[in-house]
Amino acid sequence: MLAIIILLPLLLGTVLSASLHQIPRLIKMLIAVGISLTCFTLLLTQANMIFNGQTLLQEWQWLPEMGINWSFRLDSLGLLFALLISGIGTLIFIYAYYYLSEKSSLSKLYCFLMLFMAAMLGISLSNNLIVLMVFWELTSISSFLLVSYWQQYDAAQRGSRMAFTITGMGGLAMLGGFILLGQIAGTYQIDQILDMGSVLQQSPLFTPALLLILLGAFTKSAQFPFHFWLPNAMAAPTPVSAYLHSATMVKAGIFMVARLLPIFVGYALFHQLVTVVGLITFCIGAFFAVFKEDLKGLLAYSTISHLGLIMCLLGIGSPLAVAAAIFHIINHATFKAALFMIAGVIDHEMGTRSLRKLQGIWQLLPFTGTLTFITASAMAGVPLTNGFISKEMFFTEIVQTFSGTNALLAIIATTCAGIFAVAYSVRMIHGVFFNGKLGDDIPNKDAHEPPFGMRAPVLLLAILCILVGVAPAFFAEHTVIAVSEATLQHNIPSPHLSIWHGFNLPFVMSLIALFGGIGFYALLARHGKIKNIELESYLGNFQGKIIFEGILNFAEKTAKKIKLATETGRLQGYLFWIIIFAVALVAIPLISTPISTGTRVLTHASPIAVVLWALLFTGCWMLLWFHHERVKAVLIMGAIGLVVSIVFITLSAPDLALTQITVDVVSTVLLLMSLSLLPQLTPYESSQTRRWRDAIIATSVGLGIGWIAWLILTRDHDSISWFFVQQSLPLGGGSNIVNVILVDFRGFDTFGEITVLGIAGIGTLCLMDGMRAHGTTTTKGLTYRFTPSPLLVRTSTSWVLPVALIVSLYIFLRGHNYPGGGFIAGLITAMALIMQYIALGQDRAERLLRANSGRRYEKWIGIGLTIAGVTGLAAWLWTRPFLTSAHTYVNPPLLGSMHLTSAALFDLGVYFAVLGSTMLMISVLGDSRHSSMSGPVVPKE
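For the sequence shown, position 940 matches number 947 in my numbering, and the numbering has no gaps at all.
Don't read these hints as lab results, they were simulated from the structure.
Where hints are given, some of them may not hold.
Claimed, not checked - In silico SDA-like cross-links for lysine to any residue, where the CA-CA straight-line distance does not exceed 25 Å:
#1 K115 x Q29
#2 K570 x L592
#3 K552 x Y160
#4 K567 x L578
#5 K299 x I553
#6 K639 x S674
#7 K639 x M629
#8 K110 x K452
#9 K552 x Q29
#10 K866 x A767
#11 K452 x F441
#12 K568 x I587
Model the full assembly from the supplied sequences, consistent with the hints where possible.
This is the structure in structure tokens:
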């Protein structure tokens, strides 16, 4: 069920949202709401069980030897976040339908939102650190797409790049922390790691792991000094901002700290660092929010402040502090989502969200003003709202945690931040809806309340703010206790959530914050002073945005200098530095290693070995002599490849020989076609001094590599070949050990290789697309045509193709037990099709194949990767690791006993991927204007 909850928005949601462009907008909204509501309902069905202390675990093996599995875990903490993500997501989908105009793509927004929802659900439900990291990075990618939704705005592009850079760098640091943590614990399973807190803290690697993980959490949740990216991401559509700020993106770092809290609690560095950073963020965010001119900017800085509050509570780490943090996560999600949607309503109806222009709009939007009063009061922590109770709990923890001078400083700082929070909340209420008559600078003075569908999500959230604020024990206490216990992994004293906690120091702090904030705003608002204060002018170059852009500019300038110094356009220079660097890397570990000949008994060289050595030496010498003549060099390399194939045969490696021959032929054709676009001669660039230098380097490197090979071959070593010899048939179901290794034991590597091969083919298409010429072209008044191949060639190749296909089928079917396989069969088929290109010309050959300019070959690549991937996924149906093979014997009538293996399907995917990639590159190069594939070009009058 947990995988389904993630896959519904990831696959179904994104595919439907991206593909159904022609259906009515209302249907799109209903589909999106239906998917998110289904996720919410599925989660809600487990709420009673999970909030009563049980945990739901589901797992599919992926790379069990490396400790990486698709493992999911639903406990109270994960359930709370998943409910917030799917629940508020449902409201956002409804709101976005009314918010976006007809000119904006609702499908595009829903597609990105669904992708983002799936990523956040994956973070909340993951039980494996590496899998969680995958979803973590997916949130960065999807948020980048969401923030840059309006591509025509420069602010959207800059804001999305800034957010992606900061959170991406933090994610890279977090990956390092996860790897260190996994190495210390011996597992990446989160439920196992959480039980090893005291053991992990004793490791010397725990401190760097902690710092790296916190760096990722701080950047994602906009903690000081990385907070500046969040206000600069306000160019996103308001539904996106409401979703990111309330329940998703910025809460990911909070969730990460809460998820790993059991292993952090008790570690002094964690408590000191997180508490201080959270407290600084809380104060800075609240102060800057007061003076922001943009309504969404005010809310963005308020989000930073509240995230700092939650992070500070998690840093304190006591049971009641964690309970307060969990409670404020819920409260902040409700009032902040509502406030951002209100900001969207104001912008949508009034035509501006500038606080310098907005005033006195109560007469136009009284209903919206009422909702703003409720939700902004919750944000300020006014009594009878949910924000008041969690703020009181925060003040209580500050008073009880700190002592001495630190206590005085913490109390003053938090009280001041509370004053600022009340001030910016009052500004949003009074400064926008009251503060005199309707402003003269408002673009739309005939505004009216938006449709009810746009107000309904806000109304629901506002009601929740009041209900939880009036009766917290009934609506939230059980949930807060359950989630807190799941976070800390032990029982906690029950926090009594009530409106009145007595007349004490925290209550006095709240009173000071409330009346002080009102007074502070009144002082700033007198004679419009607050509208004339621009903090940016006082900060100058000490702004996070300016510092970040300065660092990027410095990095860019430095990179350009290095590029100009190293990118000379000379291949000789590039090879020089590559070889020198490689030699240095190889030489370093050999400094302290004996480099004498080993004790292994040597064998006598056979006559055929001497002949092959002589052929290889002759071929390499000819290649060195003729390397300036490109076509000759390629042909000589092909000959060297054939000699290597013979070497494989003599060493009893027929699989390698077949592969070498086919690869050699195809690569030779590809190189010849590529060189047809270049001058036939390589220019002589070396001086006499450089030639001697290059000769010395080449000779030294060649002798060095030969000597290293000699050192290895003259030493005994423990081979693992016995394992493959013993297990190839019983585990892989095949007697061809090489093929079984490729499609079974190392199938994951093979899957990666064919993926890279497919990417190379598509990359060639993208690079050469601008050089393609289709059919006949006219240049300088002359029409050019391609001469047909001789009749003998065309006739013979018509017989070659069916024979080659039969040979390919034979090579493919025998591959699991005898030399062959999908890779070799794909290359044989490709060679047969290349001959058709040569004989018939590319245009006619592709018409017969129905491969319009190679488009069919792209589909072949996709088919191959899909078959290979689905074959691997099918193993999960039997709870086996990804790409685990299965084999059996069947006895069909007439055919007798047959051996069937699932690896054959994987090999079929390899066949299509190799064939498609090879033919796509051939097609692109052959279709180029200057290619020699289609025969000589002659002018026609």
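| said: When the structure is checked against the list of hints, which entries are broken? Sort them ascending. | reply: 9
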